[in-house]
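The whole structure should be built from the sequences, with the hints applied where relevant.
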Amino acid sequence: GAGVSQSPSNKVTEKGKDVELRCDPISGHTALYWYRQRLGQGLEFLIYFQGNSAPDKSGLPSDRFSAERTGESVSTLTIQRTQQEDSAVYLCASSLVSGGYNEQFFGPGTRLTVL
Amino acid sequence: QQPVQSPQAVILREGEDAVINCSSSKALYSVHWYRQKHGEAPVFLMILLKGGEQKGHEKISASFNEKKQQSSLYLTASQLSYSGTYFCGTERHYGGSQGNLIFGKGTKLSVKP
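The listed protein sequences correspond, in order, to chains A and B. Remember, our numbering sits 60 above the position in the first sequence when you count from 1. Remember, our numbering sits 10 above the position in the second sequence when you count from 1.
Read the hints as simulated data drawn from the structure, not as lab findings. Ideal Cβ positions, reconstructed from N, Cα and C, are used throughout, including at glycine. Some clues are possibly wrong.
For each label pair, taking beta carbons as the anchor points, the in silico distance ranges come out as [stated by the list, open to error]:
(1) B:K65 x A:S126: 42 to 48 Å
(2) B:H48 x A:Q143: 35 to 41 Å
(3) B:Q11 x A:R98: 14 to 20 Å
PhoX-like, lysine-lysine: derived pairs with alpha carbons at most 25 Å apart [claimed, not checked]:
(4) B:K36 x A:K117
(5) B:K115 x B:K69
(6) A:K71 x B:K47
(7) B:K65 x B:K78
(8) A:K117 x B:K115
(9) B:K69 x B:K122
Encoded structure:
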């Protein structure tokens with residue numbers, strides 16, 4: 061498959077538990093982005109990786125959120141001690157390089173429900 | 011820093027035209043437009059760069075007024091398939107450490123038969 065893939069597609073967890081969300085970008089794409097989308101809302105930027113540069117973490121809402129990326133491939137978004145307000149669809153996107161003329165390709169998202 | 015989109019929602023009949031606006035209080039390098047259908051991921055429509063370059067859909071046009079930090083998306087002779095939520099994403103500096111997009115809250119477009 062040539063698109064961005066995310067797993068799991070759905071995750072239901074209990075308040076206080078940790079979750080890991082995975083994103084596989086398009087091969088060769090150096091830029092990777094994570095967004096959060098609450099029901100009926102817009103795309104909230106979380107974090108952005110570009111090649112070997114330090115990630116832009118300016119959108120992470122709290123220190124319970126963290127993300128890693130292995131080289132220019134898989135990325136994992138981790139939410140520790142989940143809260144009900146973390147319930148949302150988490151979208152990952154990748155682009156050939158960051159910014160400018162390079163469109164972002166989005167994955168199908170992971171729907172997180174915190175009970 | 012989040013761009014402001016207007017209108018928030020619009021309802022059209024097939025064949026009618028619509029304009030969706032996106033404005034920022036900061037100078038912009040580029041504006042990106044995406045459409046998201048219900049339950050699906052956003053899909054790329056258009057990129058407009060400072061200086062006039064564009065890349066995108068053949069059937070959708072857009073403008074970028076750099077001085078006013080505004081972009082408009084023009085949907086002409088709308089089709090049922092145009093229904094969805096349209097997001098603009100703005101980029102203040104080219105790539106590098108600040109190459110992420112900040113998205114507006116979206117404009118919900120509904121096209122009726």
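Right, here's what the structure says about each hint:
1. B:K65 x A:S126: 42 to 48 Å: violated (34 Å)
2. B:H48 x A:Q143: 35 to 41 Å: violated (26 Å)
3. B:Q11 x A:R98: 14 to 20 Å: holds (19 Å)
4. B:K36 x A:K117: holds (21 Å)
5. B:K115 x B:K69: holds (24 Å)
6. A:K71 x B:K47: holds (22 Å)
7. B:K65 x B:K78: OK: K65 of chain B and K78 of chain B at ~21 Å, within 25 Å.
8. A:K117 x B:K115: holds (21 Å)
9. B:K69 x B:K122: holds (19 Å)
When held up to the earlier numbered hints, the structure conflicts with 1, 2 and fits the remainder.
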